[in-house]
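Visitor: Taken in order, these protein sequences are the chains called U and E. Every letter in the first sequence is one number past the one before it in this note's numbering, and letter 48, counting from 1, is 141. Every letter in the second sequence is one number past the one before it in this note's numbering, and letter 316, counting from 1, is 328.
If you are wondering where the hints come from, they were derived from the structure by calculation, not from laboratory data. For each residue, glycine too, the CB sits at the ideal point set by N, CA and C. Check before you lean on any hint, since a few could be wrong.
[What the hints assert, rightly or not] Chain U stretches covered by chain E per the calculated footprint, using a threshold of three residues with CB under 8 Å from any CB of chain E:
(1) 194-202
(2) 209-218
(3) 337-344
(4) 352-366
(5) 392-403
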Amino acid sequence: MNTDPLAEIGDEYCRRLLQDMIRIRVFEERCAELYGQQKIRGFLHLYIGEEAIATGVMNLLEPHDAVLATYREHGHALLRGVSASSIMAEMFGRATGCSGGRGGSMHLFDETTRFFGGNAIVGGHLPLAVGLGLADQMLGRRGQVTVCFFGEGAVAEGEFHEALNLAALWHVPVLFVCENNRYAMGTSLRSSESQLDLALKAASYAIPAWSVDGMDVVEVTRATQRALASVRAGGGPMFVEFQTYRFRAHSMFDPDLYRSRDEVEEWKQRDPIATFSARLVAADVVGEDEIESMWEFARDETEEAVEVADAAPLEPIDTLEDHVLASEEVGS
Amino acid sequence: MNEETDATTGVVEMTYREAMRTALADALASDERVFIMGEDVADYGGTYAVTKGLYEEFGRDRVRNTPLSESGFVGAGIGAALGGMRPIVEIMTVNFSLLALDQLVNTAATLLHMSGGQFNVPLVVRMTTGAGRQLAAQHSHSLEGWYAHVPGLNVVAPATPHDARWMLPAALADPNPVIIFEHSGLYNESGPVDLGAGPANLDRADVRRRGDDVTIVASAGMVAKALRAAEDLAAGANPIAAEVVDLRSLRPLDIDTLAESVQRTHRAVVVDEGWRTGGLNAELAASITERCFWTLDAPVARVAGREVPIPYAKHLEDAAIPQVDDITEAAARLVAETGGPT
Chain U
94 MNTDPLAEIG DEYCRRLLQD MIRIRVFEER CAELYGQQKI RGFLHLYIGE
144 EAIATGVMNL LEPHDAVLAT YREHGHALLR GVSASSIMAE MFGRATGCSG
194 GRGGSMHLFD ETTRFFGGNA IVGGHLPLAV GLGLADQMLG RRGQVTVCFF
244 GEGAVAEGEF HEALNLAALW HVPVLFVCEN NRYAMGTSLR SSESQLDLAL
294 KAASYAIPAW SVDGMDVVEV TRATQRALAS VRAGGGPMFV EFQTYRFRAH
344 SMFDPDLYRS RDEVEEWKQR DPIATFSARL VAADVVGEDE IESMWEFARD
394 ETEEAVEVAD AAPLEPIDTL EDHVLASEEV GS
Chain E
13 MNEETDATTG VVEMTYREAM RTALADALAS DERVFIMGED VADYGGTYAV
63 TKGLYEEFGR DRVRNTPLSE SGFVGAGIGA ALGGMRPIVE IMTVNFSLLA
113 LDQLVNTAAT LLHMSGGQFN VPLVVRMTTG AGRQLAAQHS HSLEGWYAHV
163 PGLNVVAPAT PHDARWMLPA ALADPNPVII FEHSGLYNES GPVDLGAGPA
213 NLDRADVRRR GDDVTIVASA GMVAKALRAA EDLAAGANPI AAEVVDLRSL
263 RPLDIDTLAE SVQRTHRAVV VDEGWRTGGL NAELAASITE RCFWTLDAPV
313 ARVAGREVPI PYAKHLEDAA IPQVDDITEA AARLVAETGG PT
């Protein structure tokens, strides 16, 4: 019996996971530079350090599934198949952006891939996930799943508790993915929650829940496979907490005064890309040169996105009041 | 003698509650995507008995009780709408809707714009509004003007059984969020309903009574009071012909119909059960003034709720919200101060 997790998910799939994590990392690093150059404005929240979660989860989704994410969602959108150039154009405020320049970094949307946005109200999208799951259930769309990403800060919101209760009560096909990066802006979980076991909170609503190492893309993959299989089979909602850490500050406005340098350095030792790269090299799945070409691929993708976004037109001001009310059905 | 034999056509007399229930039953029967959810909408029959009997006919999936989680079930309604359903969410009163304000204002109203036109939200939300039943300060307010402030929402207030019957199908056919405000004092009121009329428009005001001396603008529960005030004004020693305009839609506001009326009468009284400061009346007065300044004989008069949380005791509650006499007096004063009736 084969118990090697790498062999279980296969060499090709491992390469894909590494490549996707690198794509997110490169894209996010470039966003930070572009923010410094004032090409990107507003709030910008980077996913650096947390790449294993979106990578592990998004690669297991089907086109008919629905995805909802937070304001830290560039990576999720990218792996959902929203083009790097339309994400970048959105952050540049251009007409060709994936939300027509009206959403920005925090509100990436894409109808064709059923990407229901970056939401900037913490916890506000959890009830939407329940409703999307309810629609799948009522319309008999068996096997479809709504995946809802949120941070650990959301568990303090009433909407978290209302949504989990409704999801369990109605047995809807929703996978709740908690990205626990330990800080809600500068507020640590320890200083804000009386119960630190987040899976226990979900379990209290009769939702199967467990906690997983979110710095290990293989662990993320295995946990998500297990959860998705159950949700797709009609087992009702599931909850997985991925323990992770953001290497950068909360946003570009954050001076990062609430955590120690040592703590950040300690977590950087567990960099999901560095550790997985080393593991794949040690297992002879990829060579150093192949990894270098993965970085090269990601840099090319990102640079092309920047060029395309830079050349993209601005939305004319006379369209300002468009999309306030729809004249007919769109999307869905 | 009533010769009407076909129950689906013709004009019949029914209560506002029956009209709304008929609309809901028809919506459930005619579109499988439609479902109702809210607190106690099933076995209990709805707090105001509007959904009584519906779950027996359509089942618990489609007449779906929710826990006391306003934000949760309104958000679920938005999600279900995004997923292809046509949810009708009932919120017990407008006061409770404040617990779902995040979902209504931050999400339902913004998704289409924020997504660059990719995701519309075909959601219908029904809720009661208004005072008059001695329910005190947390069950009696008229906050519909707050929602009328928000781009991305449609806000309507049926004031007659006919509109209660026919605004709902129009709201369901609209690709955008529509909030329907039902004044709790109207449910037992009867009126004619044209059963064959079909969906009503959701964007135009309606002149409920013609008159050339003064225009009285009202909505929801204030329309009936304005009509009674108009009768009193006509029956006075110095008869005044008041025109009564029922707003019907609070967003968008049909300023064209108001302006057409005021340009004829040269005088306007705006009536709102909500508070005066920053209220719907303020918007109406400003809009009428912008459009009709040179034809107005006097500043627009406001009749509004007093600036106090609605109290319990009957006499205090009555004093807190506009009554027929308040409207009559405001209109009579306006006419008297500007040369009397024509």
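Visitor: All the hints need checking, so say for each whether the structure fits it.
Guide: The hints, checked one at a time:
Here's how the region 194-202 of chain U fares: 5 of its residues keep a CB closer than 8 Å to some CB of chain E, so the rule of at least three is met and the hint holds. Proximity of the region 209-218 of chain U to chain E, defined as three or more residues with a beta carbon under 8 Å from a beta carbon of that chain, is established by the 6 residues found. For the region 337-344 of chain U, the assignment as covered by chain E is violated, since 0 residues bring a beta-carbon within under 8 Å of that chain's beta-carbons and 3 are needed. As drawn, the region 352-366 of chain U meets chain E at 0 residues by the rule of a beta-carbon pair under 8 Å; below three, the given contact is violated.
Taking a C-beta to C-beta cut-off of 8 Å, the region 392-403 of chain U contributes 0 residues in contact with chain E, too few for the three needed, and the coverage statement is violated.
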